[in-house]
Amino acid sequence: MAYKYEVIADNLRQQIKSGKYAPGELLPDQNKLAATFDTTRITIHKAIQLLIIEGMVYSKRGAGTFVRKDFGLTDNRQATQMDQPIGTTRTNAGKKVTSKVLELQARLPTPREAEQLMIDDMDPVYVIRRTRFVDGKVWAYEHTIMPTNIVTLTKHVLMGSIYGYLEKEGGMAIAGSHRIISAAKATAEDVEAMDATLGDPILVINQVSYTDDGQPFEVSESHFPYETSTVVADIQVH
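Quick note on UniProt numbering: the sequence shown kicks off at 1 and runs consecutively.
Think of the hints as simulated: they come from the structure by calculation, not from any bench. Incorrect hints may have been included.
With a straight-line cut-off of 20 Å between C-alpha atoms, the simulated EDC-like cross-links for lysine to aspartate or glutamate are [what the hints assert, rightly or not]:
| id | residue 1 | residue 2 |
| --- | --- | --- |
| 1 | Lys69 | Glu25 |
| 2 | Lys46 | Asp10 |
| 3 | Lys137 | Glu189 |
Restraint-style ranges between C-beta atoms, simulated for each label pair [as the list claims (entries may be wrong)]:
| id | residue 1 | residue 2 | range |
| --- | --- | --- | --- |
| 4 | Ser229 | Ile52 | 35 to 45 Å |
| 5 | Ile150 | Thr98 | 15 to 25 Å |
| 6 | Pro28 | Ala2 | 18 to 28 Å |
| 7 | Asn31 | Pro124 | 36 to 46 Å |
| 8 | Met122 | Thr98 | 10 to 20 Å |
| 9 | Ala106 | Asn31 | 39 to 49 Å |
| 10 | Val204 | Leu104 | 43 to 53 Å |
| 11 | Arg90 | Ala183 | 22 to 32 Å |
| 12 | Lys100 | Ile181 | 21 to 31 Å |
| 13 | Arg61 | Lys17 | 20 to 30 Å |
| 14 | Val127 | Arg61 | 32 to 42 Å |
| 15 | Arg112 | Ser229 | 25 to 35 Å |
| 16 | Asp212 | Met122 | 25 to 35 Å |
| 17 | Thr187 | His45 | 37 to 47 Å |
Cβ atoms here follow ideal geometry from the backbone N, Cα and C, with glycine treated the same way.
All chains should be built: construct the whole structure from the sequences, respecting the hints.
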């Protein structure tokens, strides 16, 4: 038998999927939801947490809980997420993080990219490819798509932390990301970028990152060498 918070989460999930709450819309506050479902605020909080984990909603301190603007645009939305800081620099705080820029250009987005980033198909995007190193060793090969209207990027900027630059120079409040983790075989691009062996296994993380108002600003795919990559997750039963 399901716990009450799971039943409530399923009810809210169906309401969101049916369109009762539109993308970007604020959900009723937790006290109102507790009254609606005849339960406690603690139970509502646990239900909301389930939806946050699934990538359906996000919470903004002092404002409430909102339906993600990009909800439904990413395949396998309920795939495993990693509870790690976003960005190589923050994940490896205290270590020396460097980059090798392989590509920086602008073009029009593909229909899929425009949908994921919630932009017009005539809004140009950056195409960024770079290899990231931590303490001199290959950490990952990143392929990133980002709207050009966010901030002006240069190869010099890409040598450091893009997220740090967006927050400092662009005034952006980065809230988090939705991640899908999978495995693949190394391609010719991985051989070029990471000196990988063609056909060797690699860890792949597809990511949509969003600001504190739920607006997606980045679609990326990162490849990690299998020799130095692990997946760690903490699971709470209750």
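Structure-based check of all given hints:
1. Lys69 - Glu25: holds (8 Å)
2. Lys46 - Asp10: Holds, at about 12 Å.
3. Lys137 - Glu189: Cα-Cα ~18 Å, so holds.
4. Ser229 - Ile52: 35 to 45 Å: violated (26 Å)
5. Ile150 - Thr98: 15 to 25 Å: holds (23 Å)
6. Pro28 - Ala2: 18 to 28 Å: Distance hint for Pro28, Ala2 holds at roughly 22 Å.
7. Asn31 - Pro124: 36 to 46 Å: Cβ of Asn31 to Cβ of Pro124: about 44 Å, so the range 36 to 46 Å holds.
8. Met122 - Thr98: 10 to 20 Å: violated (35 Å)
9. Ala106 - Asn31: 39 to 49 Å: Holds, at about 47 Å.
10. Val204 - Leu104: 43 to 53 Å: 22 Å Cβ-Cβ, so the 43 to 53 Å window is violated.
11. Arg90 - Ala183: 22 to 32 Å: Taking Cβ atoms as reference, Arg90 and Ala183 lie about 24 Å apart, which means the hint holds.
12. Lys100 - Ile181: 21 to 31 Å: holds (24 Å)
13. Arg61 - Lys17: 20 to 30 Å: This hint holds: roughly 26 Å between Cβ atoms.
14. Val127 - Arg61: 32 to 42 Å: holds (34 Å)
15. Arg112 - Ser229: 25 to 35 Å: holds (26 Å)
16. Asp212 - Met122: 25 to 35 Å: Distance hint for Asp212, Met122 holds at roughly 27 Å.
17. Thr187 - His45: 37 to 47 Å: holds (44 Å)
In summary, the structure is inconsistent with hints 4, 8, 10 from the numbered list given earlier, while agreeing with the others.
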